[in-house]
Amino acid sequence: MPSVGRRVPRKEGAAKVTGAARYVDDISFPGMLHGTTVRSTVPRGEILSIRHAFDTSGFTIADYRDIPGRNVVALIEEDQPCLAERRIRHAAEPILLLAHEEKEKLLAAKVEIEYRPQEPVYDPARSEKTFKEIRIEKGELDRGFREADLVVEGEYRVGLQEQLYIETNGVIAVPENGGVTLYGSMQCPYYVHKALKVLLGMPGEKVRVIQTETGGGFGGKEEYPSMIAGHAAILALKAGRPVKIIYDRVEDMLATTKRHPGVIRHRTGVTKDGRLTAIDIDVLLDAGAYVTLSPVVLSRGILHATGPYRCGQVRVRGRVTMTNTPPNGAFRGFGAPQTQFAAEVHMERIAEALRMDPVRLREINALRPGDTTATGQKLGKDASALKVLREAVRRTGFRKRRRQLAGSDRGIGLALFFHGSGFTGGGEVRLASKAALELTERGARILVASTEIGQGTRTMHAQIVADTLGIPFDAVEVSEADTARVPDSGPTVASRTCMVVGKILENCASEMKKKLGKMSRKQYLAKHGPLIITKEYERPSEMVWSDETYRGDAYGAYGWGCDVAEVERDPDTYEIRPVRVTAVQDIGRAIHPVLAAGQIEGGTAQGVGYALLEEVVMRDGRMANAQLTNYIIPTTMDTPALDTVILEYPYEHGPFGAKGVGEMPIDGPAPAIVNAIRHLGLDVREIPATPEKVMAAPDLARAESR
Amino acid sequence: MKFSLNGKTVDVRAHPMKRLLDVLREECGLTGTKEGCGEGECGACTVLLDGEPVNSCLVPFAQVRGVTVKTIEGMNGKHALQEAFVTEGGAQCGICTPGMILAAAALPKNASLDEVRVGLAGNLCRCTGYEGIYRAIRKARRA
Chain A
4 MPSVGRRVPR
14 KEGAAKVTGA
24 ARYVDDISFP
34 GMLHGTTVRS
44 TVPRGEILSI
54 RHAFDTSGFT
64 IADYRDIPGR
74 NVVALIEEDQ
84 PCLAERRIRH
94 AAEPILLLAH
104 EEKEKLLAAK
114 VEIEYRPQEP
124 VYDPARSEKT
134 FKEIRIEKGE
144 LDRGFREADL
154 VVEGEYRVGL
164 QEQLYIETNG
174 VIAVPENGGV
184 TLYGSMQCPY
194 YVHKALKVLL
204 GMPGEKVRVI
214 QTETGGGFGG
224 KEEYPSMIAG
234 HAAILALKAG
244 RPVKIIYDRV
254 EDMLATTKRH
264 PGVIRHRTGV
274 TKDGRLTAID
284 IDVLLDAGAY
294 VTLSPVVLSR
304 GILHATGPYR
314 CGQVRVRGRV
324 TMTNTPPNGA
334 FRGFGAPQTQ
344 FAAEVHMERI
354 AEALRMDPVR
364 LREINALRPG
374 DTTATGQKLG
384 KDASALKVLR
394 EAVRRTGFRK
404 RRRQLAGSDR
414 GIGLALFFHG
424 SGFTGGGEVR
434 LASKAALELT
444 ERGARILVAS
454 TEIGQGTRTM
464 HAQIVADTLG
474 IPFDAVEVSE
484 ADTARVPDSG
494 PTVASRTCMV
504 VGKILENCAS
514 EMKKKLGKMS
524 RKQYLAKHGP
534 LIITKEYERP
544 SEMVWSDETY
554 RGDAYGAYGW
564 GCDVAEVERD
574 PDTYEIRPVR
584 VTAVQDIGRA
594 IHPVLAAGQI
604 EGGTAQGVGY
614 ALLEEVVMRD
624 GRMANAQLTN
634 YIIPTTMDTP
644 ALDTVILEYP
654 YEHGPFGAKG
664 VGEMPIDGPA
674 PAIVNAIRHL
684 GLDVREIPAT
694 PEKVMAAPDL
704 ARAESR
Chain B
983 MKFSLNGKTV
993 DVRAHPMKRL
1003 LDVLREECGL
1013 TGTKEGCGEG
1023 ECGACTVLLD
1033 GEPVNSCLVP
1043 FAQVRGVTVK
1053 TIEGMNGKHA
1063 LQEAFVTEGG
1073 AQCGICTPGM
1083 ILAAAALPKN
1093 ASLDEVRVGL
1103 AGNLCRCTGY
1113 EGIYRAIRKA
1123 RRA
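Chains as they are written, first to last, in this note's numbering: chain A, 4 to 709; chain B, 983 to 1125.
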């Protein structure tokens, strides 16, 4: 029986519900030491002196001089040291490493560091350094504004957001065979592999990276594990013993990456009957102190900045600049939630300015099959913006409900959005990801570096392989993500694990089936010996993209979504309580309906937190609320009823028609909720929309008549 | 110190102020109980003490003398909640799952959705938006 589209039991399900699943902190090795990181207490300055104010016997102590290779965390740029040498560019920057057999001894170890402080920069608009600038241009902007009857302008602000996986970051480094093996909680074993080869000055075969069961990532375990793995490896090599570093929650929140905050300005020309004639957008993101993934976050941000709308005249200018705060990085959505928040609240304000039904305005301008995006990408017949919009409106009785609620303490709003699946532009070509399939007597074994971090990677990949080979789901097993055993399938990010890596596996399985012909697996193995089929990503021939001009096919495919949010205002506390969110999303094909719905439900809940609750308070360049007590993520009491609808408009190059699903759900809730707050008559343009901000928000009628 | 752990009487030696969470994980080798925050906010370390869900990161070992402790390892693997958490999408990354299942097991049999929400309010899940967890609890009840 085919397994695609069915609710087969997830591969590691039993281990996760019995406590048998082994996360990194559940593992130990004989002679293992515990490691910790001594970090800067100033946001900017120079280290003058370091003094060990404790009895150092039994400790392994390491600093930058113990790094065998180059002192960088190799990623896009090599600007970030693994351990600070003299200059400090942000608070909580790693300086010194300590290891000891007993955790209590580590906690008691006091290190005194003297600094010469320098004036920090916290405002990204006043930064001395721009890490990346990107521009998209289409048509003649001036002509578009001349055709407009009305120009609507606005500035929108989005805050930092913490990924808050429930399992904190952690890595164990084990020195062995003249090299080092790393076990850790991570999304991208080959990122760690690449970074450690440079840091340790070792050839690839001396560095082995094994992902342990991972308790959530959401982007937060995309790039940062390279830093922790580096620290654990430095200590382990110096001590000659295994070293485990597990962050506690405070350290994890203080030191690791967050979603980039930003300021997005829109200036839009529109005709009286609601047609967009010109879109001019300026995006500013705050990178924090080092480049990390910021250029790519900016790229995805500006590629989604117009929202899913057609317009002949577009200019999008984006830049990401340095500030003296811990580096921001990957978080589900990766720039798109920031810019689409602005786009959809701005769209609402255009409807308000035109006194037009917000659904009608979106219907007029939504991208349709055959339309071109801001980069000139011609959309295929799966471009389903109108379909998701109409289904969300129908299902919620949106227009009627909006009239019913007018003037009450409840409001309803919507957001239309899209999300590109896979890496940006030529990224997939450069990655050249590989996947492999090994023939076994029972069926097949999947060999990929894609990680299971909760989303169901192993299960979904096994379904694709099982159906392509025509064998039962249970006959497909999945190897652990171990760089000594699996090829580099690229990172587990960017909504690419199903659409891109799943497709390569489908190709492997097709070839395996051909090779087997009429032979049984046993016969084949007896006659020819082991069979492993390795395939690489193949660019669909019609896909053309230029990184220089930002013209062409930015993504292989897009998912499309529409969220409707109903909220209630507490008239005394100004708290906004989300009552219900309806999420209608086209993902091409749901390989596993329960897992796919789980992505939409979970992403939507994170989006609700982004909209209303999750406020990172920065004070003197440090997160002041780095605790679960006062950084609030949605509990059962804060999460609204979630109504999820999956639509399937297949992508011809996706496995079984699948497009990406992981990130898109977080694009919609924030603008839908803020638009519902606007329906209450409050002019909110910034998230998180905390009670303080809602209380301070001007009355809509007055604000818009200024 | 003697107490009942997953149906068996055990005698465990550890510092009386050591967190129950650490005693379970280190002295007893039961790593199914997870640490998420260490301050009683996330519920990943939930265990049942005499049938009541508690955050084991906030319980000093001294308090379990003569008490019945149940961890995820004591749920035998075939509990209706465990099966339903797999099939209904109640477990994604799995790190909150042991605590969540124990908290769910302590809910009254006929709890309404609102009562379930209140009962699980101390258990954070970042993956599911809780919908899969509610589905699992509903399904387990029908089993």
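Don't read these hints as lab results, they were simulated from the structure. Glycine included, each C-beta is placed from N, C-alpha and C at the ideal position. Any given hint might turn out to be false.
As the list claims (entries may be wrong) - Listed below are the simulated DSSO-like cross-link pairs for lysine-lysine, each with C-alpha atoms no more than 30 Å apart in a straight line:
no.: 1; chain 1: A; residue 1: K108; chain 2: B; residue 2: K1060
no.: 2; chain 1: A; residue 1: K113; chain 2: B; residue 2: K984
no.: 3; chain 1: A; residue 1: K135; chain 2: A; residue 2: K209
no.: 4; chain 1: B; residue 1: K1121; chain 2: A; residue 2: K106
no.: 5; chain 1: A; residue 1: K106; chain 2: B; residue 2: K984
Stated by the list, open to error - A short list of chain B residues far from chain A (calculated; beta carbon distances all over 12 Å):
no.: 6; residue: R995
no.: 7; residue: E1017
no.: 8; residue: E1021
no.: 9; residue: G1033
no.: 10; residue: Q1045
no.: 11; residue: G1048
no.: 12; residue: T1050
no.: 13; residue: G1072
no.: 14; residue: R1099
no.: 15; residue: E1113
no.: 16; residue: Y1116
no.: 17; residue: A1125
The hints, checked one at a time:
Our distance criterion of 30 Å between C-alpha atoms is broken by K108(A) and K1060(B), whose separation comes to about 41 Å. Note on K113(A) and K984(B): the hinted pairing is violated, with a Cα-Cα distance of about 37 Å set against a maximum of 30 Å. Of the pairs offered as hints, the one joining K135(A) and K209(A) is violated, with about 34 Å between alpha carbons and a cut-off of 30 Å exceeded. The suggested pairing of K1121(B) with K106(A) is violated, with an alpha-carbon distance near 43 Å, which exceeds 30 Å.
Proposed proximity of K106(A) and K984(B) is supported: the alpha carbons are some 26 Å apart, at most 30 Å. Non-interface call for R995(B) relative to chain A: holds, since the shortest CB-CB distance, roughly 17 Å, exceeds 12 Å. For E1017(B), the non-interface assignment is contradicted: its Cβ lies about 7 Å from the closest Cβ of chain A, within the 12 Å cut-off. With a minimum CB-CB distance of about 6 Å to chain A, E1021(B) fails to clear the 12 Å threshold, and the non-interface call is violated.
Every CB of chain A lies more than 12 Å from the CB of G1033(B), the least distance being 19 Å, so the non-interface label holds. Every Cβ of chain A is farther than 12 Å from the Cβ of Q1045(B); the closest lies at roughly 21 Å, confirming the non-interface assignment. With a minimum CB-CB distance of about 24 Å to chain A, G1048(B) clears the 12 Å threshold, and the non-interface call stands. The claim that T1050(B) lies off the interface holds: its Cβ sits roughly 18 Å from the closest Cβ of chain A, which is beyond the 12 Å cut-off.
Non-interface call for G1072(B) relative to chain A: violated, since the shortest CB-CB distance, roughly 8 Å, does not exceed 12 Å. Look at R1099(B): its CB is around 4 Å from the nearest CB on chain A, not clear of 12 Å, so calling it non-interface is violated. Look at E1113(B): its CB is around 4 Å from the nearest CB on chain A, not clear of 12 Å, so calling it non-interface is violated. The beta carbon of Y1116(B) is not kept farther than 12 Å from every beta carbon of chain A, the shortest such distance being approximately 9 Å.
Every CB of chain A is more than 12 Å from the CB of A1125(B) (nearest about 14 Å), matching its label as outside the interface.
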